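If you read the protein sequences in the order shown, they are chains A and B.
Here the first sequence stands for residues 1 to 253, where the numbers follow my numbering.
Here the second sequence stands for residues 1 to 639, where the numbers follow my numbering.
Hints are computed from structural coordinates only; laboratory data are not their basis.
Owing to the predicted nature of the structure, the values given are computational and were not obtained by experimental measurement.
Be aware that a few hints might be false.
Stated by the list, open to error - Covered stretches of chain B, going by a simulated chain A footprint (3 or more residues, C-beta under 8 angstroms):
1) 121 to 129
2) 250 to 256
3) 382 to 392
4) 550 to 560
For every residue, glycine included, the Cβ atom is placed at its ideal position computed from N, Cα and C.
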Amino acid sequence: MSDQNMKIKLRVWRQKGPTYPGKLETYELDNVNEHMSFLEMIDVLNEKLVQEGGEPVAFDHDCREGICGMCSMTIDGNPHGPNKGTTACQLHMRNYKDGDTITVEPFRATAFPVIKDIMVDRSAFDRIQQVGGFISVSTGNAPDAHAVPVSKEKADLAFDAATCIGCGACVAACKNASAMLFVAAKVSQYELLPQGQPEKEDRVLNMVAKMDEEGFGSCSNTGACSASCPKEISLENIARMNRAYSRASFKKR
Amino acid sequence: MSTKLDSKIPSGSIETLWQKHKFDMKLVAPNNKRKHTVIVVGTGLAGAAGAASMAELGYHVKSFCIQDSPRRAHSIAAQGGINAAKNYQNDGDSVYRLFYDTVKGGDFRAREANVYRLAELSVNIIDQAVAQGVPFAREYGGYLDNRSFGGAQVKRTFYARGQTGQQLLLGAYSALMRQVGKKTVELFNRREMLDVVVHDGKARGIIVRNLLTGELETHIADAVCLATGGYGNVFYLSTNAMASNVTAAWRAYRKGAFFANPCYTQIHPTCIPVSGDYQSKLTLMSESLRNDGRVWVPKNKGDKRPPSEIPEEDRDYYLERRYPSFGNLVPRDVASRAAKKACDDGFGVGATGLSVYLDFKNAIERDGEEAISARYGNLFHMYEKIAGESPYKSPMRIYPAVHYTMGGLWVDYHLMTTVPGLFALGEANFSDHGANRLGASALMQGLADGYFVIPSTIGNYLANHSFDKMTEDHDAFRDSKEQCYKRTTQLLKMKGSKTVDDFHRRLGHIMWDNVGMARNKEGLTSAITDIKSLREEFWSDARVVGEADQVNNELEKAGRVADFLELGELMARDALERNESCGGHFREEYQTEEGEALRDDTKFSHAAAWEFKGDSAPPERHKEELKFDHVKLAQRSYK
Chain A
1 MSDQNMKIKL
11 RVWRQKGPTY
21 PGKLETYELD
31 NVNEHMSFLE
41 MIDVLNEKLV
51 QEGGEPVAFD
61 HDCREGICGM
71 CSMTIDGNPH
81 GPNKGTTACQ
91 LHMRNYKDGD
101 TITVEPFRAT
111 AFPVIKDIMV
121 DRSAFDRIQQ
131 VGGFISVSTG
141 NAPDAHAVPV
151 SKEKADLAFD
161 AATCIGCGAC
171 VAACKNASAM
181 LFVAAKVSQY
191 ELLPQGQPEK
201 EDRVLNMVAK
211 MDEEGFGSCS
221 NTGACSASCP
231 KEISLENIAR
241 MNRAYSRASF
251 KKR
Chain B
1 MSTKLDSKIP
11 SGSIETLWQK
21 HKFDMKLVAP
31 NNKRKHTVIV
41 VGTGLAGAAG
51 AASMAELGYH
61 VKSFCIQDSP
71 RRAHSIAAQG
81 GINAAKNYQN
91 DGDSVYRLFY
101 DTVKGGDFRA
111 REANVYRLAE
121 LSVNIIDQAV
131 AQGVPFAREY
141 GGYLDNRSFG
151 GAQVKRTFYA
161 RGQTGQQLLL
171 GAYSALMRQV
181 GKKTVELFNR
191 REMLDVVVHD
201 GKARGIIVRN
211 LLTGELETHI
221 ADAVCLATGG
231 YGNVFYLSTN
241 AMASNVTAAW
251 RAYRKGAFFA
261 NPCYTQIHPT
271 CIPVSGDYQS
281 KLTLMSESLR
291 NDGRVWVPKN
301 KGDKRPPSEI
311 PEEDRDYYLE
321 RRYPSFGNLV
331 PRDVASRAAK
341 KACDDGFGVG
351 ATGLSVYLDF
361 KNAIERDGEE
371 AISARYGNLF
381 HMYEKIAGES
391 PYKSPMRIYP
401 AVHYTMGGLW
411 VDYHLMTTVP
421 GLFALGEANF
431 SDHGANRLGA
441 SALMQGLADG
451 YFVIPSTIGN
461 YLANHSFDKM
471 TEDHDAFRDS
481 KEQCYKRTTQ
491 LLKMKGSKTV
501 DDFHRRLGHI
511 MWDNVGMARN
521 KEGLTSAITD
531 IKSLREEFWS
541 DARVVGEADQ
551 VNNELEKAGR
561 VADFLELGEL
571 MARDALERNE
581 SCGGHFREEY
591 QTEEGEALRD
601 DTKFSHAAAW
611 EFKGDSAPPE
621 RHKEELKFDH
631 VKLAQRSYK
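Kindly produce the complete structure, drawing on both the sequences and the hints.
What follows is the structure, encoded as structure tokens:
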């Protein structure tokens, strides 16, 4: 194998807890392999820190295959790093070269308070989901799956929206820390399907209201959210949600 | 045979068993349901579906997960699909056929009654998911599309591109969030279960560690459901998520729940090969790829030409050659062993020689790149990111990896463990897959258990028992909490010289080499000794840094690895005692002349359930004899 060990200088945000001040600490690694994922590099750093008696960097991660949405870090200013459509766990060190310096920080947003180091609290997303991110069908009530045909086009669009992994990169990328793309993806999924129609007005009104209440900012249509989304959720979902929101506001007023 | 294991399979005809039994079970009246608290640990398919469905019925549910959100549970990573006997394809499928395929696929080591119920409920799952807005793949006419999967000759797998688990989990999560919003479910995220509390012979609550504050919390209930997934991470490298662990199930085992068939491990044939020591996990490439991909190795040993330069006549499509009727779609255990054999015999490819090709060239020529991309786009994308090569241009390189564990807590027909009031759902139990799980059956089982089985059986349990009023300062809770506290303190006190990961990695090597794809008496015997000494070393020389009263990932890992160090030994014991080969358990001493698994139905047609007997005594092996009244026991053949 053409394994080359790279030297990498890492500047990592260290913060003991929510109420402590944080700062960037510098660490040097001299055995970074190009096939490593970015998180495996942090594993290597952590193992070294433990051996040296230091405290490892706390970070959220789980599936390491780009689907659970748990990893959340801003790498050189970009949520999840430089590659399009890629979570931090799927970013590989072959994207870097020997001698590079990389800065790793938590997702920054008022609605995502830092817990420790690069871990943040994203439970606001769950709370938004609780006020409308569902179809009210209790177990046992379902008709046969073929009772209602759904056009392939709509089903595919609904799927594209539903691929959101709830990581929060959209919020971290937005200058206003808006959660519009996250909320719009969920609203769109149901908006596009016949099963989502009965509750559509309440859904969009309640979810948007909750988003505002949780302290997320407003949308100014700059599109940083979609550009940094690891699942490349389209801005069209925001347009769709805006239309749904207007319709619902008139109807419910 | 042990008198302790009563599977409580109702009597009657298998086709009407579940319907009839639902009528025979006792019910809890609507106004009494809210008086019962039920704890559900884990928020994957089984846990989220179960918690939401029980809350819909009116029970007060407490739901726990280790991640920051219930939506992160590892069911999310399941790719290929979910089986259901809808027969929408008119290709001869039926509940009976799905039942038959699953029992046969499990190498005749599963309980018939459970599997039949699973096949029966499969159709309701699809209905439920569609009603929830799960965007399954559809045909142009607006109806649901299906694909085929290993071990079946009908197309019965429903899918949502390569992200079926994600979509089904988000469906269950949305149902759960709806109940949290209604305050019928109390959600506790970032909590890890450290013990089950048993009082008066019944499970009455749990002790959890709050992963943010380190506080040990007590939660009281009338029943506890564990939906905590499988234990594949005992191998260190697996396709499981980093935090997937056995701790909840293991703590239950130590409190009296029998652990069944721990040796049945599924090694998935199509994973991205290992590239180096730093590697933290392995990534699965869905079995659905075998619908269109052809598995091959060069015919000549050590052929180092790039795959594009190896002509057809120098390629060995060994699955198509050895199993002409199922070809590339043989079940997982068969495909994995065939890949291992090809590599062991020196035909493997790649730098390490430990991989085989999965080639889409023919499929792309036949159907076009666009059609292949529509089916597998995200998988190809994922492969390219990890391996740095495009499967559109050159074949994928794949190798088997630990993926799923069929073994788990022993449960009866009601999904109740040997501890009354303690239930196990989904991968955490042992019930439906026998010695080998067929593809697209895990999602089916998790959701069947969660949406349909536990909401019925929990009522029967609650209606048949009375419950003492308990408070946190009851001795049972205090003792349990004290034990958890002592263990945490002990872990932090050692201040040894080796990291937790170092121990985990070494355990993984022992397991992979001796309790992996091929096992033998000698290897298993030495594994038992080696794991014991590694465990002793762990408890004297592990280095766990940080404090107990704050976020401490190292402490979390240490607790999990400590439990894996006990489980690994039980797996080896179980594999050693099972003197036959079946499904995911392959003993080299027991094989046919052609190298296929050789079962011994006279001696081993049973589930082995292990009872914990204390740290200083060996566990006791109990048997649940399996009866096959419907599926004829036969040498499994996919030729």
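- Quick one: see if chain A covers the stretch 250 to 256 of chain B, three-plus residues with Cβ-Cβ under 8 angstroms. violated (count 0)
- Coverage of the stretch 382 to 392 of chain B by chain A (three or more Cβ within 8 angstroms): Satisfied; 4 residues make the cut.
- Query: Can the stretch 550 to 560 of chain B be counted as covered by chain A under the rule of three residues or more with Cβ-Cβ separation shorter than 8 angstroms?
  - Reply: Result for this restraint: holds, n = 4.
- Message: When I compare C-beta atoms, does the stretch 121 to 129 of chain B have three or more residues closer than 8 angstroms to chain A?
- Response: Holds: 5 residues of the stretch 121 to 129 of chain B have a Cβ under 8 angstroms from chain A.
Hint 2 alone, counting from the list given before, is not met by this structure.
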